[in-house]
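Chemist: Sequence:
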Amino acid sequence: MDDVKQLVAAIKKGDLKPIYFLMGEEAYYIDKISDFIEDNVLDEAEKGFNQMVLYGRDVSIDDIVSNAKRYPMMAERQVVIVKEAQDLSRTIEKLAQYADNPQPTTVLVVNYKYKKIDKRKALYKAINKNGGVVFESKKLYDNQVPDWIRRVLKGQGYDISPKAAQMLVEFLGTDLSKVNNELNKLKIVLPKGTQITPEHIEENIGISKDYNNFELRKAVGERNVVKAHKIAKYFADNPKDNPMVVTVSLLFSFFSQLLHLHGMHDKNPRSVASALRVNPYFVNEYLTAARNYPMKKVSSVIGLLREFDVKGKGVGSNAVPQGDLLKELLVRILG
Numbered sequence: 178m179d180d181v182k183q184l185v186a187a188i189k190k191g192d193l194k195p196i197y198f199l200m201g202e203e204a205y206y207i208d209k210i211s212d213f214i215e216d217n218v219l220d221e222a223e224k225g226f227n228q229m230v231l232y233g234r235d236v237s238i239d240d241i242v243s244n245a246k247r248y249p250m251m252a253e254r255q256v257v258i259v260k261e262a263q264d265l266s267r268t269i270e271k272l273a274q275y276a277d278n279p280q281p282t283t284v285l286v287v288n289y290k291y292k293k294i295d296k297r298k299a300l301y302k303a304i305n306k307n308g309g310v311v312f313e314s315k316k317l318y319d320n321q322v323p324d325w326i327r328r329v330l331k332g333q334g335y336d337i338s339p340k341a342a343q344m345l346v347e348f349l350g351t352d353l354s355k356v357n358n359e360l361n362k363l364k365i366v367l368p369k370g371t372q373i374t375p376e377h378i379e380e381n382i383g384i385s386k387d388y389n390n391f392e393l394r395k396a397v398g399e400r401n402v403v404k405a406h407k408i409a410k411y412f413a414d415n416p417k418d419n420p421m422v423v424t425v426s427l428l429f430s431f432f433s434q435l436l437h438l439h440g441m442h443d444k445n446p447r448s449v450a451s452a453l454r455v456n457p458y459f460v461n462e463y464l465t466a467a468r469n470y471p472m473k474k475v476s477s478v479i480g481l482l483r484e485f486d487v488k489g490k491g492v493g494s495n496a497v498p499q500g501d502l503l504k505e506l507l508v509r510i511l512g
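Residue numbering for the sequence shown follows the working numbering, starting at 178 and increasing by one per position.
Just so you know, these hints were derived from the structure itself, not from any lab. Any given hint could be a false lead.
[Unchecked claim] Distance condition first, Cα-Cα at most 30 Å in a straight line; then the derived DSBU-like pairs of lysine-lysine:
{"id": "1", "residue 1": "K488", "residue 2": "K407"}
{"id": "2", "residue 1": "K355", "residue 2": "K331"}
{"id": "3", "residue 1": "K293", "residue 2": "K271"}
{"id": "4", "residue 1": "K293", "residue 2": "K404"}
Please model the entire structure based on the sequences and the hints provided.
Modeler: Right, dumping it as structure tokens:
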């Protein structure tokens, strides 16, 4: 995120590079940088003749180079944006010849989503050697997304509770574009200065604040049998919104972290938060669960989760509804 801010700040100052090669697994930042260049480098009068958007599926590398080598009309520079350039992955290295001698009056932006170019090959080296930028947008880990949500909202005048941020991640995953779309919905209905709570998430996005994987994990950690089975029943009644494979994966991650916790000598909350890569707000849940599940039991549960992960994918249990599998799993964990 800091790299993106620096890149955007340089563009705002007029420090433009001949090539911006934007690549990587996380499409959100690729779109953000590309859109910023598209909206801000040229004024509206210049865009008509000097800005063009090409799509990888419709053009060849030769077409891109031909457009990039044009001279601007009645402007200092032109902007050429290639979207979905990953469709040119088989021939992308041919762009190295242009990158060796880029047109100084052209800003060429290449959006190469979900893929990366080989840093050992000619294209990467040519872009770096001749003043261009290769920006890699990396996918965030699950534990990094809640902090990303908080930072984004803080920059826009909002706050969010740790539980609300965790609910969004568990429901939406790590796709930042999808998460950002839901945040935009919240900003439409909530005034600036609001702290977004689980109640706001439930009312405006439709994620239950009481019946979700986050609450199930907490109930299991507390060995709260009644609450865990209530949530399992809700999941069984709403299987499309609560696939068992996701629940098992999250429980597996939780018990793997508990195994790590049992092996730690320093169980100071700050040390635990750092080692497990969790928000300090949730550390007490892990400490409670560690007291409720000795190391031997944790190892046994991890074995159970592996077994039910396979069953949940239809291996050896084709006729058993996933809701019933989850209930059986919880009986065996909590028993």
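Chemist: Which numbered conditions among the earlier hints are violated in the structure presented, ordered from lowest to highest?
Modeler: 4
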